[in-house]
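Please build the complete structure, drawing on both the sequences and the hints.
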Amino acid sequence: MVNIFISMDKQFSLIYGKENIFYKILQINAQIKIKRRLLELGFTNNEKVLILKKSRLKGVFLLQIKGYVLALKKKEVANIIVEV
Amino acid sequence: MNKKDNLILVGNPNVGKTTFFNLITKSFEHTGNWHGVTTEAAQKQVIVDGKEINIVDLPGIYSLSSYSFEEQVSIEYLVKNKNLNILNICDANILQRNLYLTLQLMEMGLMPNLYINFYDEVKKRGEEIDFLLLSKQLNVNVFFNKKNKKQTKEEIQKIFNCDNKVEGNQINELPYLKNLPIKEILDILTFNQKKLFDLPPQFLAIKILEEDSYIKENLNLTTEQNDKINNIILKEDYLQKISSLRYNYIFKILKECTKKNKNFVYGKFKIDKIILNKYLCFPIFLSILFLIFYITFSSVGAYLSSLLKHIIDVSLGNPIKSFLININCPAWIIGLFSVGIIESVGGLFSFIPQIVLLFLFLSILEDSGYMSRLAFCFEDILYSIGLSGKSVFTIIMSFGCTTSAILTARNIEDRNARIKTAIISPYMSCSAKLPIFAVIGGAFFSKGNIFVIISLYLLGVIIAILVSLFLNKFFIKSGERSFILEFPPYRKPSIKRVAFLIYQNCKQFVLKVGTILLSFSVIVWILQNFTFDFQYIPNTINQKSMLQVVGESLSIIFKPIGLDNWGIVASLLVGVMAKEMVVSTMAIINKIPTTNNFESQLGFSLISGSFAISLSPLTAVVMLIFSLIYMPCISTIAVLKKEIGLKYTFLACCLQFLIAYCICFIIYNIFVGTLFFKILSISLVVFLIVFAMYFVFFKKDKCKNCVGFKNCKSNGFKC
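Residue numbers (my numbering), protein chains in the order written: chain A, 1 to 84; chain B, 1 to 719.
By construction, these hints were calculated from the structure, which means they are not laboratory data.
Be aware that a few hints might be false.
To be verified - BS3-like cross-link-like pairs, simulated, lysine-lysine; straight-line CA separation at most 30 Å:
hint	chain 1	residue 1	chain 2	residue 2
1	B	K268	A	K33
2	B	K260	B	K641
3	B	K270	A	K18
4	B	K259	B	K492
5	B	K241	A	K33
6	B	K544	A	K48
7	A	K58	B	K321
8	A	K18	B	K260
9	A	K18	B	K447
10	B	K260	A	K58
11	B	K270	B	K241
12	A	K24	B	K235
13	A	K24	B	K260
14	B	K321	B	K544
15	A	K24	B	K492
16	A	K24	A	K10
17	A	K54	B	K262
18	A	K18	A	K54
19	B	K260	A	K48
To be verified - Label-pair restraints from in silico Cβ distances:
hint	chain 1	residue 1	chain 2	residue 2	range
20	A	I21	B	L289	43 to 49 Å
21	B	F197	A	Q31	21 to 27 Å
22	B	S553	A	Q31	54 to 60 Å
23	B	K136	A	I21	53 to 59 Å
24	B	N218	A	E19	41 to 47 Å
25	A	Q31	B	N277	41 to 47 Å
26	A	E19	B	E184	42 to 48 Å
27	A	K10	B	E184	32 to 38 Å
28	B	T223	A	K10	38 to 44 Å
29	B	F290	A	Q31	41 to 47 Å
30	A	E19	B	Q72	32 to 38 Å
31	A	Q31	B	E184	24 to 30 Å
32	A	Q31	B	D187	40 to 46 Å
33	B	L688	A	V84	51 to 57 Å
These figures come from a predicted structure and were not determined experimentally.
We treat Cβ as the ideally placed atom computed from N, Cα and C, and that holds for glycine.
Here you go:
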């Protein structure tokens, strides 16, 4: 039981992630349109994602996924639930 | 249409579809190393082995679910023309994501041929792709680009000659589909519904599972059917499952077919650490922009311009004039040629070097891959004024030509941001306004003119920002919106492409000068030199020419801003046709004699006061600012109308005129106006400041968690 709770706590939105750390995607909580687009871009479950950079006002995130680099807005990144 | 006579190019953004299109059709559609350069389907016929083949270049798409405008264009085109030959162009660097679209095409029952682009880049890194195996696994023909152009062309020849190996329904052969409840969905649909668009029913089933609204609407499902479908859909997260299945399938295939360097990340470069640095990104951008403008407008460009002007005068202007005098032409013909044509139009030709340089730099910027980085740097700031990071493309292109720049606004996902971007782009000083700055600014500020020009550019940008904020507040609000931007790698600009872009723009410019501007020059000259009774009046002061009558009657409007000179009013009026005409009209009105120093002659005539148009330093400044923003040219208005509709075009034009008028009114009247006007203009400034302050201090505080300005207490998911 304890273990499960700890692992639950480890789930968080990617916006709280730190730069230059790999995270594993658990799920995407978003409207159907945005969710579909994110999945098409490669944000499927169990995929590893790396935050390369947050922009100056932290409004845009530069992510590395499936071997390429992609910039997304905070609003979309917030929908991506990850664990370390 | 015969299947073999057509070829449709489909692919992810920035995989080189248009470059491929240009290579085979020998045309020069606009390309660039960033996303969404192509915005409309382009078509062209080529003849291969005696057969005429129609090639269609579609805008880049990530998938077959409509998301942005350009994707919709592509999808509708594919649904309508699904029987034609399709070439799916992939980037070898990111094959995994590119094949995702390929799979969707195959689900749709299309049989695409694959063309793997940038294989040379992959090979350089020591990676390899087994094309034969890939072709076998996916059951499609695979082609790839070779080291040199000639071999690549031979490879392309093969595409035209090959048959699609597999006939029949390919959809059954995609193994991952077995894990989906496709049959159950199909059982719910009626026979007629299954025949929608003549697409394979399996595809419809997948789309229903993915909850695609476009397909669902067209199916006209009954409530009963809807309930049944919802029962199936709600069992599992099929959207996520389907894309996982597709990606896993691709991963499995690629694992067998490719030897990949795992550390390589497409579009990740060390230099980005500096370019995207919080503190360095803007200084770097500004210094690049300053360098471009300095080379173009001040040092190299200005020198080449004067050189060309000299050559035109010596080799063309003077001989023609002396020839006309020698054969005893009537005075008005000599006047028409020397002033109406050679001086005004010839004067414009001398701006060719500057245009060449400007487009050279713009195309290098576009090709290098820097534009996407810029969009990343600017997204935060542009978002806060109601635009999108991608607006930066349009804004920079606007410095070249506003008309073509407005078209690039289409790759902005949000409609409102797109409209705002289109409306503010005329405030950027386009290359056609340069002659005005060069002549008037050059006359009054001589060596300091570079700073005057830079400050005019800056003024344009500042006004654009304010206008955008204003529009965002009152007319076209933008809510939350998405922003997806892929980073392309840095690439060397192709010399050939840059050369052709310059050639094309020069050709356009020369054509414009040679046709529209030439005829307008002649018309203006006639209006200026003839009365309404068609009497030739070259130098008399007693009679008024047609242009003078019109100009004088309108000058009352411009009196409050100091431009009550009828000649200026007339040239501004003509300038709406094309901004280049402002200067040439001035030359015609002031009757500048043929000399080898047109620009400084015209400039001098403006200062001297004894000519029809004369300016004081103050009115010169007013004139510069007014001509910077008073109205977009007629071709820009046409494009605006097409892109954003009549209502917003009208709004844009009115706003521009109003702003230009207000600024000029304030500047002019603070210095020389009567007491009443002084008070009026000062109170106008005060009013504007109070108005602005009101919004700074009394703005409603919204939750800005999503934008990232403040820390927000609510959690990240719901906000």
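Each hint, compared with the structure:
1. K268/B to K33/A: Status holds; Cα separation ~28 Å.
2. K260/B to K641/B: It is violated: about 49 Å lies between the C-alpha atoms, which goes past 30 Å.
3. K270/B to K18/A: 19 Å, holds
4. K259/B to K492/B: 26 Å, holds
5. K241/B to K33/A: Holds. K241/B to K33/A sits at ~15 Å (cutoff 30 Å).
6. K544/B to K48/A: 78 Å, violated
7. K58/A to K321/B: Violated - the C-alpha atoms of K321/B and K58/A are around 65 Å apart, more than 30 Å.
8. K18/A to K260/B: 28 Å, holds
9. K18/A to K447/B: 51 Å, violated
10. K260/B to K58/A: The given pair, whose Cα atoms are some 33 Å apart, is violated under the 30 Å limit.
11. K270/B to K241/B: With Cα atoms ~35 Å apart, K270/B and K241/B exceed 30 Å; violated.
12. K24/A to K235/B: Given pair K24/A, K235/B holds - Cα atoms ~24 Å apart, limit 30 Å.
13. K24/A to K260/B: 22 Å, holds
14. K321/B to K544/B: Given pair K321/B, K544/B holds - Cα atoms ~26 Å apart, limit 30 Å.
15. K24/A to K492/B: The given pair, whose Cα atoms are some 35 Å apart, is violated under the 30 Å limit.
16. K24/A to K10/A: This hinted pair holds, its Cα atoms lying about 11 Å apart.
17. K54/A to K262/B: 24 Å, holds
18. K18/A to K54/A: Since the Cα atoms of K18/A and K54/A sit roughly 9 Å apart, the hinted pair holds (cutoff 30 Å).
19. K260/B to K48/A: 17 Å, holds
20. I21/A to L289/B: 43 to 49 Å: Check failed, 35 Å falls outside 43 to 49 Å.
21. F197/B to Q31/A: 21 to 27 Å: Holds, at about 26 Å.
22. S553/B to Q31/A: 54 to 60 Å: This hint holds: roughly 58 Å between Cβ atoms.
23. K136/B to I21/A: 53 to 59 Å: 40 Å, violated
24. N218/B to E19/A: 41 to 47 Å: 45 Å, holds
25. Q31/A to N277/B: 41 to 47 Å: Because 34 Å falls outside the window, the suggested range is violated.
26. E19/A to E184/B: 42 to 48 Å: 45 Å, holds
27. K10/A to E184/B: 32 to 38 Å: 37 Å, holds
28. T223/B to K10/A: 38 to 44 Å: 43 Å, holds
29. F290/B to Q31/A: 41 to 47 Å: 43 Å, holds
30. E19/A to Q72/B: 32 to 38 Å: Since the Cβ atoms of E19/A and Q72/B sit about 36 Å apart, the hinted range of 32 to 38 Å holds.
31. Q31/A to E184/B: 24 to 30 Å: 26 Å Cβ-Cβ, so the 24 to 30 Å window holds.
32. Q31/A to D187/B: 40 to 46 Å: Violated: the Cβ-Cβ distance is about 29 Å, outside 40 to 46 Å.
33. L688/B to V84/A: 51 to 57 Å: 52 Å, holds
The structure fails hints 2, 6, 7, 9, 10, 11, 15, 20, 23, 25, 32 (numbered hints given earlier, in ascending order).
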